[in-house]
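A.B. asks: Protein chains in written order, with this note's numbering: chain A, 308 to 497; chain B, 0 to 416; chain C, 644 to 959; chain D, 5 to 103.
Be careful, since some hints might not be right.
As the list claims (entries may be wrong) - Short, incomplete list of chain A residues facing chain B, as computed with Cβ under 8 Å:
#1 ALA329
#2 TYR338
#3 SER341
#4 PRO343
#5 THR404
As the list claims (entries may be wrong) - Quick look at which bits of chain B chain A covers, simulated, 3 or more residues with Cβ under 8 Å:
#6 16-29
#7 281-291
#8 297-309
#9 365-379
Unchecked claim - Below are the DSS-like pairs computed for lysine-lysine, each with C-alpha atoms no more than 25 Å apart in a straight line:
#10 LYS742(C) - LYS209(B)
#11 LYS337(B) - LYS311(B)
#12 LYS209(B) - LYS459(A)
#13 LYS941(C) - LYS922(C)
#14 LYS434(A) - LYS459(A)
#15 LYS335(B) - LYS337(A)
#16 LYS16(B) - LYS459(A)
#17 LYS337(A) - LYS459(A)
#18 LYS650(C) - LYS51(D)
#19 LYS909(C) - LYS941(C)
#20 LYS650(C) - LYS54(D)
#21 LYS940(C) - LYS922(C)
#22 LYS821(C) - LYS947(C)
#23 LYS79(D) - LYS51(D)
#24 LYS852(C) - LYS909(C)
#25 LYS79(D) - LYS54(D)
#26 LYS427(A) - LYS459(A)
#27 LYS386(A) - LYS337(A)
#28 LYS18(B) - LYS337(A)
#29 LYS57(B) - LYS459(A)
#30 LYS909(C) - LYS922(C)
#31 LYS312(B) - LYS235(B)
#32 LYS395(A) - LYS427(A)
#33 LYS742(C) - LYS57(B)
#34 LYS448(A) - LYS395(A)
#35 LYS235(B) - LYS245(B)
#36 LYS821(C) - LYS858(C)
Derived from the structure by calculation, the hints contain no laboratory data.
Bear in mind that the values here come from a model prediction, so they are computed numbers and not experimental data.
Idealized CB from N, CA, C, for every residue including glycine.
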Amino acid sequence: MYEVRFHGRGGQGSVMASGMLAAAMVEEGKYAVSIPSFGFERRGAPVVSFLRMSDREIRQLTNIYQPDCIVCVDPTLTKSVDIFAGMKAGGTLIQATHRPLAELALPECVSTVGLLDAVKIALEIFKRPITNTLMLGAFAKTTGVVSLDSLKRALEDSDFRDAGLAQNMTALERGYAEVAVHQIERRAAA
Amino acid sequence: MTTATLEKAAAAEAPRKQKVILAEGNEAAALGVALARPDMVSVYPITPQSSLVEHLAKLIADGRMDADIVDAEGEHSVLSVLQGGALAGARTYTATCGPGLAFMFEPYFRTPGMRLPIVLTIVTRDGITPQSVWGGHQDAMTVREAGWIQVYCESVQEVLDTTVMAFKIAEHHDVMLPVNVCLDGNYLSYGASRVEMPDQADVDEFMGEKDVNWHVALDPLRPMAVDPLTGGTTGKGPQTFVRYRKGQCSGMQNALRVIEEVHADWAKRIGRSFAPLVEEYRLDDADFAIMTLGSMTGAAKDAIDEARDAGKKVGLIKIKTFSPFPVEALMKALAKVKALGVIDRSVGFRWNCGPMYQETLGALYRLGRFIPSMSFIGGLAGADITVPHVHRVINETEALLNGAAAPTEPVWLNEKE
Amino acid sequence: CSKGALKYITTANIYNEVGDWEDLFAPGLAGCQGCNTELLMRHTLRRVGPDTVLATPPGCVPGMGSVGFNGTTGTKVPVFHPLLTNTAAMLAGIKRQYKRVGRDVQALAIAGDGGASDVGFQSLSGAAERGEQMLFMVVDNEGYMNTGMQRSSCTPYGAWTSTTPVGETQRGKTQDAKNLPLIMVNHRCAYVATASTAYMEDLYDKLDKAIAASKTGFAYLHVYSPCTTGWRFPSNLNMEVARKAVETNFVMLWEYTPQDGLHFTKPVDDPLPVTDYLKAMGRFRHLSPEQVEHIQKKVVENQKFVERMTEHAHVG
Amino acid sequence: MSRHTSYPLFNLEQAGVPDDLCPVATVVSPMLPGDWRSMRPVVDRDKCVKCAVCWLYCPVQCVEEHAAWFDFNLKTCKGCGICANECPQRAITMVGEAQ
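Here chain A stands alone, though its shape is the one from the complex:
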């Protein structure tokens, strides 16, 4: 079982990203479940979405409390939300940010980090800070648990209006290409 928690703000499409990622995993013949958090998902308010992946049928339909991976599609969110709560040791963080790794305060549990200046790229592509598909590309590259091709097929099956599909395809590819992946060497616990 591989568990991912998405953090974002209402309107940024983190719930949709979780669903598209699950669809991509299903494309690959895996089992996946995506569950959104159930708050008032108003534009700008912090939102959470959960994703489980497994080679076997997934029975649990619950929130995720100890994720293997955290995808944070908003660069400002860490100020208001403890996005690392419950994260497993040796976990992976995919973070939208323009900062370099050295400037980030990361807890001990984080071992792999994928950093992407998603807002900047989103403004180039969409003229709006929609970072979700960019972050999916970054997720694929950083974790390797899903292929870029599967994500593309999941996007094709989604309900985008007009130019939306082409733009999101570009975003997915750029996220994959431009993410900076870091491994953090942790000393073994004393």
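Using the hints, position chains B, C and D against chain A.
C.D. replies: Below, chains B, C and D without anything else, positioned relative to chain A:
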């Protein structure tokens, strides 16, 4: 044999290829509805049902579903429109929850009395007040004595498959009763999961001929008065009333058999089987059991596996068909254990315990045995019922087995978190 | 030619046309002696014909046995009790399904004012807004007469009912009636009209138009129907009371279509004083001069209000 | 829609519909309210001009046409007296049933 008949023969034996997709529970319900080919759906949005009717509207707008959609001005009219449609021969469907179901109650109670095989998905939501827009079984539980068949789903796949089966169950001539497919608001309604889509041709063969108003119709070519006054408080009046009311009860009891038959037929034609009434999980050699309903069951099964690995002899009993209450099937399961913990996602106000717990005590009485038992209430208003929660239920039920006194009050799982 | 002679001719015309059409209700219904509603029902259903599904929500219409009692039916066409609250919605479902399968079936409601203007208003308004194809007839006897003459929102000011009794501090209803047909005009229904059984040729004309309109949209027919029992007047005077209501402008006969707007069909230019109407029945016997004055004022006000609507009829 | 007579009522037994499903009725009420009457309409055949006004306003529609006059089916006439009140020829008189 010609090639065509050979192919046909082969098709009858094995289900056709099924497309694998990711769908949330509300979408799966809508897809199940489309597979059953209703003539009429009537809708009014309400959280957490809204995306279900949005999916239906889109399926119809895209021409993927050939049904008349009536956007009524409220749930009361939604069900009333469908009653009219059914009386004119339409296969009909809607979905609602919580306050919408409450508003619908007047035609809701009347639907089984007219023996109209309407299918209504309850995307379960906790009862207000206190104000909540989140999941919980209180709405469906509150109307459990209104004469509808009520089945609860565990997974998104079960939502899709059960939605189709619900029409077949409702329209069976020995049943002729409306069916609620209950799917948990939030965890099932919005939970997206891998599902396999049955082939339309397989479903068409499964459904067979449609004939929903053979017993009552509002049709100028078959004039009759529908639901005249029964005839007063003396003489034949009460006898007439009793005859019809008893008929409703017979239909409910017949449903227990028909639900099993329909699930068996589905397994044969579509290739997926679900426990129709009561599911027993790792129960055969269990000393004690926990009981679940709906989407909490998945986490509970994982918890049972872990507890088994830790040497606890615990099994699980899941109720799928809650109304009619599957007394015989439940008695068979209960006979295997010596202590019981029941998790309800709603409250039974009168007995200060979960309603499923209270109903289960009735089955134990029928069985003629006393075993220590406990009522657990959790998952109200969208709260999560997690594997650790279920471990607590397992541990406290196990304590009963070891002689601990059963509390007279329910255990509220999410009280202090 | 005298007014009277013209009346014979019109009556004879109606009789010659529909006199041998079958009365589609059972010969015996339990309406009160001289029941205006029973008269209206029988004429209406004969006119509409047997390819009809009839909805009669709880009230005098099924109360007199049209949906039957103890295993019998009072109607020769398919008939049912909707709930008091859902008549228009149930009929909509029926009509939609017949339309879907290509059958021409008339959906007809004969509902009381309570079931239409009060508790049934939501479903009525919804069906009208959606343009459901039906003929919705309201029999306005200005109260819940079947259950013992309680007040409805169509009960006029000052009227005694069993829930607006005459006592020391309150003398009849203290509010004015809701004008349901005008509210239906504001739904822009395919057809809306008011009618009275005292003007049967006008009623038949409107029935024809309403039936035609119901083929494409929502047709609403509001019929003022005096109640001998609830209003307290002798049964033989029913038509006189109905006529007086029109002659005093207490009620007005008009029709509306989206194409032609609203116009009077029986304009009363020189109305009798409203007291001529009020004194014809017992439910207004207790009225004080101030109450009578209020009613007369309202009659004039209502008349002017509808008249202004006729003036605005052709803006489109 | 040009049909003006009813279709035969549905036969439940023939259709094999059990009598404990939806409450329905397929037999027309045999009730005849003629015995409610305390007064009965009597027609002066000489005065009747067959204008049909009585037919138009009779709530139970019990008016029957004869060769030269209209009369009433007393099995269903409830004796309300509207006909006598409305007859332009004053051809109808209400008389007590006891007479």
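A.B. asks: It remains to establish, for every hint, whether it holds in the given structure.
C.D. replies: Outcome of the hint check:
Restraint check, ALA329(A) versus chain B: the minimum CB separation of about 5 Å is within 8 Å; hint holds. The beta carbon of TYR338(A) comes within 5 Å of a beta carbon in chain B, closer than 8 Å, and the hint placing it at the interface holds. Taking 8 Å as the C-beta contact cut-off toward chain B, the hint placing SER341(A) at the interface holds, the least distance being around 4 Å. Given hint, PRO343(A) at the interface with chain B, holds; its Cβ is 5 Å from that chain's nearest Cβ, closer than 8 Å.
Hint on THR404(A) is violated. Least Cβ distance to chain B is approximately 28 Å, over the 8 Å limit. Restraint check on the region 16-29 of chain B versus chain A: 4 residues with Cβ-Cβ distances below 8 Å, three needed, restraint holds. Counting residues of the region 281-291 of chain B whose C-beta sits closer than 8 Å to any C-beta of chain A gives 0, which falls short of three, so the coverage hint is violated. Check result for the region 297-309 of chain B against chain A: holds, 4 residues qualifying (beta carbon to beta carbon below 8 Å, three or more required).
By the rule of at least three residues with a Cβ nearer than 8 Å to a Cβ of chain A, the coverage given for the region 365-379 of chain B is violated, with 0 such residues. For the given pair, LYS742(C) sits about 18 Å from LYS209(B) by alpha-carbon distance, which is consistent with the 25 Å threshold. Pair hint LYS337(B) plus LYS311(B) holds up; C-alpha atoms about 13 Å apart against a cutoff of 25 Å. Straight-line distance between C-alpha atoms of LYS209(B) and LYS459(A) comes to about 42 Å, which puts the hinted pair past the 25 Å bound.
For the suggested pair LYS941(C) and LYS922(C), the alpha carbons sit about 17 Å apart, so the restraint of at most 25 Å is met. For the hint linking LYS434(A) to LYS459(A), the alpha-carbon distance of about 21 Å falls within 25 Å, and the restraint holds. At most 25 Å may separate the alpha-carbon atoms for a hinted pair to count; LYS335(B) and LYS337(A) exceed this at roughly 36 Å. Restraint check for LYS16(B) and LYS459(A): the C-alpha separation of about 24 Å stays at or below 25 Å, so the hint holds.
Annotation: proposed proximity of LYS337(A) to LYS459(A) holds, straight-line Cα distance about 16 Å (limit 25 Å). At roughly 17 Å between alpha-carbon atoms, LYS650(C) and LYS51(D) fall within 25 Å of each other, so this suggested pair holds. A threshold of 25 Å between alpha carbons decides the hint, and for LYS909(C) with LYS941(C) the separation of about 19 Å falls inside it, so the pair holds. Of the supplied pair hints, the one linking LYS650(C) and LYS54(D) holds, its CA atoms being roughly 13 Å apart against a limit of 25 Å.
A hinted pair counts as satisfied when its Cα atoms are at most 25 Å apart, and LYS940(C) with LYS922(C) qualifies at roughly 17 Å. Restraint check for LYS821(C) and LYS947(C): satisfied, since their Cα atoms lie roughly 16 Å apart, inside the 25 Å limit. Proximity of LYS79(D) to LYS51(D) is assessed by CA-CA distance (about 24 Å); at most 25 Å being required, the pair is judged to hold. Straight-line distance between C-alpha atoms of LYS852(C) and LYS909(C) comes to about 16 Å, which keeps the hinted pair within the 25 Å bound.
Restraint check: the Cα-Cα separation between LYS79(D) and LYS54(D) comes to about 21 Å, which is no more than 25 Å; the hinted pair holds. Of the supplied pair hints, the one linking LYS427(A) and LYS459(A) holds, its CA atoms being roughly 22 Å apart against a limit of 25 Å. At roughly 35 Å between alpha-carbon atoms, LYS386(A) and LYS337(A) are farther apart than 25 Å, so this suggested pair is violated. Under the criterion of a C-alpha separation no larger than 25 Å, the hint pairing LYS18(B) with LYS337(A) is consistent with the structure, at around 14 Å.
Distance check on the hinted pair: LYS57(B) and LYS459(A) sit about 24 Å apart at the alpha-carbon level, within 25 Å; holds. This hinted pair checks out: LYS909(C) and LYS922(C) have alpha carbons roughly 23 Å apart, not beyond 25 Å. Note on LYS312(B) and LYS235(B): the hinted pairing is violated, with a Cα-Cα distance of about 57 Å set against a maximum of 25 Å. Taken as a hint, the LYS395(A) and LYS427(A) pair is broken in the structure, with Cα atoms around 30 Å apart against an allowance of 25 Å.
Pair hint LYS742(C) plus LYS57(B) holds up; C-alpha atoms about 22 Å apart against a cutoff of 25 Å. Only pairs whose Cα atoms come within 25 Å are accepted, and LYS448(A) paired with LYS395(A) is accepted, the gap being roughly 20 Å. Simply put, LYS235(B) and LYS245(B) have alpha-carbon atoms about 15 Å apart, close enough for the 25 Å limit, and the pair holds. Under the criterion of a C-alpha separation no larger than 25 Å, the hint pairing LYS821(C) with LYS858(C) is inconsistent with the structure, at around 28 Å.
Violated hints for the displayed structure, listed by number in ascending order: 5, 7, 9, 12, 15, 27, 31, 32 and 36.
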